[in-house]
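Undergrad: For the sequence shown, our numbering gives the first residue as 177, with consecutive numbering after it.
Hints listed in this document are in silico derivations from the structure and should not be mistaken for laboratory results.
Treat the hints loosely; a few may be bogus.
[Claimed, not checked] Calculated lysine-lysine pairs in the DSSO-like style (CA-CA distance at most 30 Å, straight line): (1) 344 with 360; (2) 197 with 394; (3) 192 with 321; (4) 194 with 327; (5) 256 with 344; (6) 226 with 242; (7) 399 with 344; (8) 234 with 301; (9) 344 with 321; (10) 238 with 256; (11) 256 with 281; (12) 281 with 317; (13) 194 with 360; (14) 394 with 317; (15) 360 with 281; (16) 283 with 317; (17) 192 with 344.
[What the hints assert, rightly or not] Between beta-carbon pairs, the in silico distance windows are: (18) 233 with 361: 28 to 36 Å; (19) 277 with 238: 26 to 34 Å; (20) 197 with 301: 33 to 41 Å; (21) 366 with 238: 14 to 22 Å; (22) 300 with 399: 30 to 38 Å; (23) 384 with 328: 17 to 25 Å; (24) 284 with 343: 41 to 49 Å; (25) 205 with 397: 31 to 39 Å; (26) 328 with 362: 14 to 22 Å; (27) 179 with 262: 18 to 26 Å; (28) 399 with 301: 34 to 42 Å; (29) 281 with 361: 38 to 46 Å.
Model, not experiment: these values are computed from the prediction.
No residue lacks a Cβ here, since even glycine has one placed at the ideal position from N, Cα and C.
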Amino acid sequence: MDRSKLYDYSDGSRFKNKSAKEIFTEIAVNNVWQEEESVSGFGSALDQTKTIISEIPKVINKLNIKTIFDIPCGDFNWFKEIDLSNNIYIGGDIVQEIVHQNNQKYKSDNISFVDFNLIEDIPNKTDLIFCRDCLVHFSTKDILKALSNVKASKSKYLMMTTFNQEEKYNDIITGGWRTINFEKSPFNLPEPIMIVNENCTEKNGAFSDKSLGVWRIKDLVVK
């Protein structure tokens, strides 16, 4: 099945000639995804994140993760359900309004939020860079920039969205969306050391292979 028929604004053409900050600010401020619960979209609603809310703490414990950089953190709608009392969590987002609101609502001794653009900025070194529902919105060029910045951070692990049954690849304009299997061309990442299937039910299960893969950042080769 050609899943591209199911995408919303799949090629990103409506965002042509805009910067990433302009694009994602427009999406958030105007609630482009039209999701009542979270401006980050349907995938950030609690009914679509039940599995990962349960499974991410297991990954954190198994890999002895202490510091987490979550980019993009969005409105922290579902990650706030995870017990982070033993972790230092920093959420980064390109939308300044979201960062400000998150700090007002959720900032604590171990939780904070910063303005961050993964296409342009190199993250500080952490145990885990968490990157859910991010690179699937980027053009190939911007994905490679983001992965290069992740690699340059010298952090330990990257946990990010991948669709491990996808065989096709389509480039888009940043701001669009499509499924990506990061083990396939043009990225050809190694097999993840861990993978968590999200049990995604969007579009009547059409994206049931949506998963979070975990890679050792030192093993990533970005071309």
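Undergrad: None of the hints should be skipped; say for each whether it holds.
TA: Going down the list of hints, with the structure as the test:
With a C-alpha separation of about 8 Å, the suggested pairing of residue 344 with residue 360 holds against the 30 Å cut-off. Among the hinted pairs, residue 197 with residue 394 is consistent with the structure: their alpha-carbon atoms are about 29 Å apart, no more than 30 Å. Between the alpha carbons of residue 192 and residue 321 the distance comes to roughly 18 Å, so the proposed pair stays at or under 30 Å and holds. Taking the CA atoms of residue 194 and residue 327, the gap is near 26 Å; set against the 30 Å cutoff, the hint holds.
A distance of roughly 34 Å separates the Cα atoms of residue 256 and residue 344; the hinted pair therefore is violated under the 30 Å criterion. Distance restraint check for residue 226 and residue 242: the Cα-Cα separation of roughly 22 Å lies within the 30 Å cut-off, and the hinted pair is therefore satisfied. Simply put, residue 399 and residue 344 have alpha-carbon atoms about 19 Å apart, close enough for the 30 Å limit, and the pair holds. The hinted pair formed by residue 234 and residue 301 meets the criterion: a straight-line CA distance of about 22 Å does not exceed 30 Å.
Pair hint residue 344 plus residue 321 holds up; C-alpha atoms about 21 Å apart against a cutoff of 30 Å. At most 30 Å may separate the alpha-carbon atoms for a hinted pair to count; residue 238 and residue 256 meet this at roughly 20 Å. For a cut-off of 30 Å, the pair hint linking residue 256 to residue 281 stands: about 11 Å separates their Cα positions. As the CA atoms of residue 281 and residue 317 are separated by approximately 35 Å, the hinted pair breaks the 30 Å bound.
For the given pair, residue 194 sits about 28 Å from residue 360 by alpha-carbon distance, which is consistent with the 30 Å threshold. Taken as a hint, the residue 394 and residue 317 pair is honoured in the structure, with Cα atoms around 21 Å apart against an allowance of 30 Å. For the suggested pair residue 360 and residue 281, the alpha carbons sit about 40 Å apart, so the restraint of at most 30 Å is broken. Between the alpha carbons of residue 283 and residue 317 the distance comes to roughly 33 Å, so the proposed pair goes past 30 Å and is violated.
A threshold of 30 Å between alpha carbons decides the hint, and for residue 192 with residue 344 the separation of about 23 Å falls inside it, so the pair holds. About 34 Å separates the C-beta atoms of residue 233 and residue 361, a value consistent with the hinted range of 28 to 36 Å. At about 32 Å, the beta-carbon gap between residue 277 and residue 238 stays in the expected band of 26 to 34 Å. Between residue 197 and residue 301 the Cβ separation comes to about 24 Å, which falls outside the hinted range of 33 to 41 Å.
One distance hint, 14 to 22 Å for the beta-carbon pair residue 366 and residue 238, holds here, with the actual separation near 19 Å. For the pair residue 300 and residue 399, the beta carbons lie near 25 Å from each other, so the given range of 30 to 38 Å is not met. Look at residue 384 against residue 328: about 34 Å separates their beta carbons, and that is not inside 17 to 25 Å. Judged by the Cβ atoms, the range 41 to 49 Å given for residue 284 and residue 343 holds: they are separated by roughly 44 Å.
Between residue 205 and residue 397 the C-beta distance comes to about 37 Å, which sits within the given range of 31 to 39 Å. Between residue 328 and residue 362, the C-beta spacing of about 20 Å keeps the proposed range 14 to 22 Å intact. Distance hint check: the CB atoms of residue 179 and residue 262 are about 38 Å apart, inconsistent with the given range 18 to 26 Å. Under the hint 34 to 42 Å, the C-beta atoms of residue 399 and residue 301, about 23 Å apart, miss the expected range.
Distance hint for residue 281 and residue 361: a CB-CB separation of about 41 Å, consistent with the stated range 38 to 46 Å.
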